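Colleague: Sequence:
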Amino acid sequence: MTEVSMEQVETIVAEALKQAGDPGREELKTTVESLLASLKKADRLDFKPGAEDSGAGEADRRDQFKSFGDQLMAVVKTDKPGGEVDRRLTTKAASGLSENVSSDGGFLIQEDFVTDLLSRTYETGAIAARCQRVPISSNSNALKINTVAETSRANGSRWGGVQAFWAGEAEAYTASKPKFRQMRLELGKLTGLCYATEELLDDATALEAVIRLAFSEEFGFKIDDAVINGLGSDHPLGIMNSDCLITVDAETGQEASTVKFENIVKMWSRMWGKSRPNAVWLINQDIEPQLYTMSMTVGQSSVPVYLPTGGLNDSPYSQLLGRPVIPVEYCHNLGNKGDIILADFSQYLLVDKGGVDSARSIHVRFVYDETTFRFTYRVDGQPLWESPLTPQYDGRTLSPFVTLAARSS
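Quick note, in this note's numbering, the sequence shown goes up one by one and the last residue is 529.
Think of the hints as simulated: they come from the structure by calculation, not from any bench.
Computed from a predicted model, the values in this text were never measured in an experiment.
It cannot be assumed that every hint is accurate.
Here are the simulated DSSO-like cross-link-like pairs (lysine-lysine), alpha carbons at most 27 Å apart as the crow flies [unchecked claim]: (1) K309 with K297; (2) K264 with K309; (3) K264 with K473; (4) K394 with K457; (5) K299 with K309; (6) K394 with K299; (7) K299 with K264.
Given only the sequences and the hints, what does the whole structure look like? Please build it.
Modeller: In structure tokens form, the structure reads like this:
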């Protein structure tokens, strides 16, 4: 189709009005002039003629994709022979490189889709959504944060060294001050790669559903697993490998692959008091038969201690000592350390940078008639506690993270 300038349109309209007959000429002239005004406005705002000017917000929406699948389809088309770059695609390229070439920088997921993908990731993850989350600015790859270096509640140790005195204990004021330690979190990289066939790409709706579901669940799984079991080298430090974890010993002579009520009580007694309102039980599902038959003796009878959903408990999760019991895949098999964990994840810090970066290429799998999509998410995390806390009048340490030792006898 040949493009027509606004000047040409005005000339054509003027000639048409000149040739029009007298009947209805004024009405026609009014209609045409109104249409011309709309066309000029559309031309200035760079969107389709006839669209109403509803302000910057409406114009911005016209520059956005309708769905994640719609955007991925536009990305794919840019690498097709003779394909053009959709003006709605934003780019990220290093200085001096072409922004329209995927290998020089690629395209970013539209902001609202990035937010939705991350939201689905954290909704999928039963653990990451409970952690403290701090975003890192675009100019940084790490975060340093000061935390209180408190390992004991004894006099002179609270807040790492703050101490107050009653009048008469000291004739003069005695100086004290808090002590801090520095935490450093350096972003690791969580990546995902997807090969999409041409048949799948022909249906944007199917493409969106498959990619959203697959990568949301996978990213959520990996983040949750790292919060529990991560080694901390190039990804988050998990609570199972943290120095602040408390491991409660099994009972003397306790059978292998069992969980007793005494284990539960002792784990609860080692949970830091201020963390109890936020604490949750994480279990491997193999433990559930142990919980359903668990009871405590009161007089001559036994009282169940586990409240499954649908009974006395109206919570979405079953409860143990009033706290939710959440079956997860990240807990180890029954009888092993880490098969049951009591944790307050408000005492765990997750940091991330931006959203999920997306890049694509048709060249990697060209001979297979497939397009490659790549997703990258920068994240790190670790517990806020450096070690368990020693109470003032009790030698048993406390922590927001408690587990049960292996039962091997």
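Colleague: Next step is simple, just say for each hint if it's right about the structure.
Modeller: Consistency of the hints with the structure:
Taken as a hint, the K309 and K297 pair is broken in the structure, with Cα atoms around 39 Å apart against an allowance of 27 Å. Between K264 and K309 the CA atoms are separated by roughly 18 Å; this keeps the pair inside 27 Å, and the hint holds. A C-alpha spacing of about 14 Å is found between K264 and K473, which places the hinted pair at or below 27 Å, so the restraint holds. Distance restraint check for K394 and K457: the Cα-Cα separation of roughly 25 Å lies within the 27 Å cut-off, and the hinted pair is therefore satisfied.
About 33 Å separates the Cα atoms of K299 and K309, which puts this hinted pair outside 27 Å; it is violated. Proximity of K394 to K299 is assessed by CA-CA distance (about 21 Å); at most 27 Å being required, the pair is judged to hold. Among the hinted pairs, K299 with K264 is consistent with the structure: their alpha-carbon atoms are about 16 Å apart, no more than 27 Å.
Comparing the model with each earlier hint shows violations of hints 1 and 5; every other hint is respected.
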